[in-house]
Amino acid sequence: MAYTAFFPSFLAQESQDAMQLKITDNSVWNGESGFTTIATVEISYYDENDVLINFDPYELIVGADATKFNEFLDRTAGHVIELSSLTIGGVAAPDRFPEGYYIIKISFSEGSYAVGTFPYFENPQAFLAKWKFMTRTMVSDLLVFPMTDEIYRINRDIFLQRIYLDMAENAADYGKVLEFKNFATLIQGVFDYYSVVDTW
Amino acid sequence: MTQTEYNDSLDILFLNEIKFADVVAKLRRRMDSDAFKKEEHLMMFDNVMYALRDYDVTSDGLADDQIQSLFELGTQLSLTWPK
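One line per chain: the protein sequences are R and P, in this order.
All residue numbers for the first sequence refer to the working numbering, where the first residue is 2 and numbers rise by one.
All residue numbers for the second sequence refer to the working numbering, where the first residue is 20 and numbers rise by one.
Take these hints with a grain of salt, some might be off.
[To be verified] Computed far set for chain R versus chain P, every beta-carbon distance over 10 Å:
1. LEU12
2. ILE39
3. GLY64
4. ALA93
5. ASN124
6. THR138
[Unchecked claim] To be clear about the criterion: a stretch of chain R counts as covered by chain P if any three or more of its residues have a C-beta under 8 Å from a C-beta of chain P, and this derived list gives those stretches:
7. 131-137
8. 141-147
I should point out that these hints are in silico values taken from the structure, not numbers from a laboratory.
Note that the Cβ used here is the ideal one computed from N, Cα and C, for glycine as well.
Isolated chain R, as found in the complex (with noise of 0.2 Å):
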């Protein structure tokens, strides 16, 4: 039987170590969640020359174990993806997410649809973990008080940098990959114009 009035939704979040990734449940069930037999995350993201990286299609149901699948259902703690546990056409994934513009996918089913026709919902997403704590690094390193004229500058500059970051999030989080793109050249011109280390 196929779901009576399934509207599937979930949240994502990236950690600030840019090593896991939580997912937490925030779909309209009916309550029949319960009747789930698959739910397969899918990761994607398009690294710095453009090309969309797939990662390996993750099984949030194991054979007849959902723990991980209880887990995401948990509004509250919601299912952790570890990166380690990841891999790229099998290979294992690099150790942090990549800077990006990333689409989670998530498909569900309780045996009834045909492959390729399961409801699903598709999440954009923008992991900024590095840069953000860059932007910290920016503070900490480049200001100091009183402010002088080019103290002035470098703290307008900061200021700036954060609303990038966070019209980069927004762009991507209403799926508008060009709009990313472009302010991800922004905050990286202004990494390269202080030559801020990479965190990692």
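Put chain P on the given structure of chain R with help from the hints.
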């Protein structure tokens, strides 16, 4: 430094930030030219708070001396709020 100790230290700065933001907003509303100078000060304070806020001490993204210098700068900005 534990996360609790870190958060407690941050709370004091956070209260100052709210107070200063309120002052700047009122000056702006009155179109007081003094708002500009205070706004620059607040902007720097806000940058410091950005660097410190929501930081997970277990993440090791900032070195101890960086955290220390941020707290010192935040304290300095609190104490030198333009008259």
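No chain P beta carbon within 10 Å of R:THR138's: Answer for R:THR138: violated, closest chain P Cβ roughly 6 Å.
Are all beta-carbon distances from R:ILE39 to chain P longer than 10 Å? Label holds. Min Cβ-Cβ 33 Å, cutoff 10 Å.
Mind checking, does the stretch 141-147 of chain R have 3 or more residues with a CB under 8 Å from chain P? holds (count 6)
Verdict on chain P covering the stretch 131-137 of chain R, criterion of 3 CB contacts below 8 Å: Answer holds; 3 residues pass the 8 Å Cβ test.
Just want to verify: R:ASN124 was marked as not at the interface with chain P; is every Cβ pair farther apart than 10 Å? Nearest chain P Cβ is 21 Å from R:ASN124, so the label holds.
Holds or violated: is the Cβ of R:LEU12 farther than 10 Å from all Cβ atoms of chain P? 17 Å, holds
Would you assess whether R:GLY64, listed as outside the interface, keeps its beta-carbon beyond 10 Å of every beta-carbon in chain P? 33 Å, holds
Closest CB of chain P to the CB of R:ALA93 still more than 10 Å away: 22 Å, holds
Hint 6 from the earlier list is the only one contradicted by this structure; the remaining hints agree with it.
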